Amino acid sequence: MSTITFDAVSHTFGERTVLRDIALQLTEHRIGIVGANGSGKSTLARMINGLVTPTKGTVTVDGLNVSRRAKEVRRLVGFVFTNPDNQIVMPTVQEDVAFTLRRRGLDSAEIERRTATALERFGLADHAEHPAHRLSGGQKQLLALAAVLVADPRVVVADEPTTLLDARNTARIQALLAGLEQQVIVVTHQLELLAEFDRVIVIEEGRVVADAAPSDALPEYLALIG
Amino acid sequence: MIGLYSPGRSLIHRAPVLMKLALLSVGVVGAGLLSDAAQLSVGFAVLVALFALSGVPPVRAWQQVAPVLWLLVIAAPLQVLFAGWAVAGMMAGRLLLAVALAALFTLTTPVTTVLDGFQALLKPFRRWIDADRVGLLVALTIRCIPLVADIIREVLEARRARGTQGSLLALAVPVVVRSLYAADAIGEALAARGIDD
Numbered sequence: 001m002s003t004i005t006f007d008a009v010s011h012t013f014g015e016r017t018v019l020r021d022i023a024l025q026l027t028e029h030r031i032g033i034v035g036a037n038g039s040g041k042s043t044l045a046r047m048i049n050g051l052v053t054p055t056k057g058t059v060t061v062d063g064l065n066v067s068r069r070a071k072e073v074r075r076l077v078g079f080v081f082t083n084p085d086n087q088i089v090m091p092t093v094q095e096d097v098a099f100t101l102r103r104r105g106l107d108s109a110e111i112e113r114r115t116a117t118a119l120e121r122f123g124l125a126d127h128a129e130h131p132a133h134r135l136s137g138g139q140k141q142l143l144a145l146a147a148v149l150v151a152d153p154r155v156v157v158a159d160e161p162t163t164l165l166d167a168r169n170t171a172r173i174q175a176l177l178a179g180l181e182q183q184v185i186v187v188t189h190q191l192e193l194l195a196e197f198d199r200v201i202v203i204e205e206g207r208v209v210a211d212a213a214p215s216d217a218l219p220e221y222l223a224l225i226g
Numbered sequence: 001m002i003g004l005y006s007p008g009r010s011l012i013h014r015a016p017v018l019m020k021l022a023l024l025s026v027g028v029v030g031a032g033l034l035s036d037a038a039q040l041s042v043g044f045a046v047l048v049a050l051f052a053l054s055g056v057p058p059v060r061a062w063q064q065v066a067p068v069l070w071l072l073v074i075a076a077p078l079q080v081l082f083a084g085w086a087v088a089g090m091m092a093g094r095l096l097l098a099v100a101l102a103a104l105f106t107l108t109t110p111v112t113t114v115l116d117g118f119q120a121l122l123k124p125f126r127r128w129i130d131a132d133r134v135g136l137l138v139a140l141t142i143r144c145i146p147l148v149a150d151i152i153r154e155v156l157e158a159r160r161a162r163g164t165q166g167s168l169l170a171l172a173v174p175v176v177v178r179s180l181y182a183a184d185a186i187g188e189a190l191a192a193r194g195i196d197d
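Chain order of the listed sequences is A and B. Position 30 of the first sequence, counting from 1, maps to 30 under this note's numbering, and the rest follow consecutively. Position 104 of the second sequence, counting from 1, maps to 104 under this note's numbering, and the rest follow consecutively.
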């Protein structure tokens with residue numbers, strides 16, 4: 001597993017401080033991040049692949065400083081957003097997955113092969129030629145996940161990947177995430193997903209208030225919001 | 001191009017994109033040069049043969065060509081009035097032929113292939129133009145059409161749900177604001193996918 005390190009990280013948006021003095025070392029296979037809306041957990045997740053640069057402190061992935069070497073870090077870290085609509089770039093399903101592999105020095109036969117494998121794996125093979133924007137919400141999130149995993153990242157960060165989905169698709173995406181070989185960091189409000197995880201971090205008002213195995217961290221979080 | 005591609009393995013589907021583009025140009029210019037009914041019928045025969053060869057479902061083809069009929073409904077009677085039946089008929093026939101040929105290209109060519117074609121065409125100019133970036137620009141433009149259409153639909157629904165019937169400005173402002181938010185989110189997603197320069 002990769003080592004992701006937050007060293008004395010603070011972040012402000014204008015006047016508002018969203019993260020205060022975060023120090024974390026993430027080495028476990030499956031890590032959950034929970035917290036209220038606006039607690040700073042999304043900002044924390046976005047820092048792992050440089051979508052947000054901390055105003056103070058540094059974030060490193062396997063020793064690479066994210067703010068200085070964002071390009072290399074993004075090849076290691078895949079990111080799944082809440083709303084897959086914003087993540088779809090190309091008009092058809094197959095083209096969108098193949099888009100991830102552009103500019104990586106692969107020939108078109110290799111791109112085609114990898115794309116086909118990814119579509120097969122996520123049950124999208126029958127939709128390969130379909131317009132991406134006409135997929136259902138669940139299929140769109142599967143497509144987003146396929147487009148991230150086709151590049152074979154070391155780490156997958158997902159920011160509330162199931163918030164817009166129905167129960168069946170939520171279960172499907174959760175099972176896929178939990179079953180990945182890659183290191184997985186999931187921001188979520190679906191606490192039942194985290195029961196089997198290795199570590200849960202609870203964020204409250206920009207600080208880490210609990211950081212432990214789910215059996216300890218989740219009851220603390222529930223007590224906090226209760 | 002927004003999901004208009006009709007999958008297939010026909011000769012037309014597999015033909016190299018630049019050749020198809022060149023033939024399309026020749027075909028459209030040729031259609032414009034047809035001068036009598038006999039030539040026009042040959043043109044249509046070739047067109048029907050090409051569509052048959054492509055295996056594109058007739059319904060899909062019709063959806064592409066039908067909108068131009070509205071233009072003809074207005075233009076053809078005017079032509080009849082000023083130039084007579086023969087000229088009006090030729091004009092309509094040539095226009096239909098040209099639009100149908102273009103539709104055939106759209107229906108048999110995936111967007112990625114069109115982009116690759118663009119990039120090949122731009123290659124001689126690569127010292128001045130970044131072909132990858134132009135390709136991405138075109139892809140995003142195509143992608144954003146359904147996205148903006150969705151935003152407009154949602155804003156209209158929200159207005160109806162609240163029982164308001166505002167001015168055009170009252171529609172435009174939320175649509176523009178939400179489009180800008182979507183643009184931000186797409187930019188973020190592009191960066192996350194490694195297109196960040």
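It is worth saying that the hints were derived from the structure and are not from the lab. From a predicted model like this one, the values you see are computed outputs, not experimental measurements. For every residue, glycine included, the Cβ atom is placed at its ideal position computed from N, Cα and C. Any given hint could be a false lead.
Only part of the chain A face toward chain B is listed, based on derived beta-carbon distances under 10 Å [to be verified]:
id, residue
1, Leu51
2, Phe81
3, Ala132
message: Restraint: Ala132 of chain A near chain B, CB-CB cut 10 Å. Satisfied or not?
response: 8 Å, holds
message: Does Phe81 of chain A hold up as a contact with chain B if the rule is Cβ-Cβ below 10 Å?
response: 6 Å, holds
message: Take the shortest C-beta to C-beta distance between Leu51 of chain A and chain B; is it under 10 Å?
response: 6 Å, holds
When each numbered hint is compared with the structure, no violation occurs for any of them.
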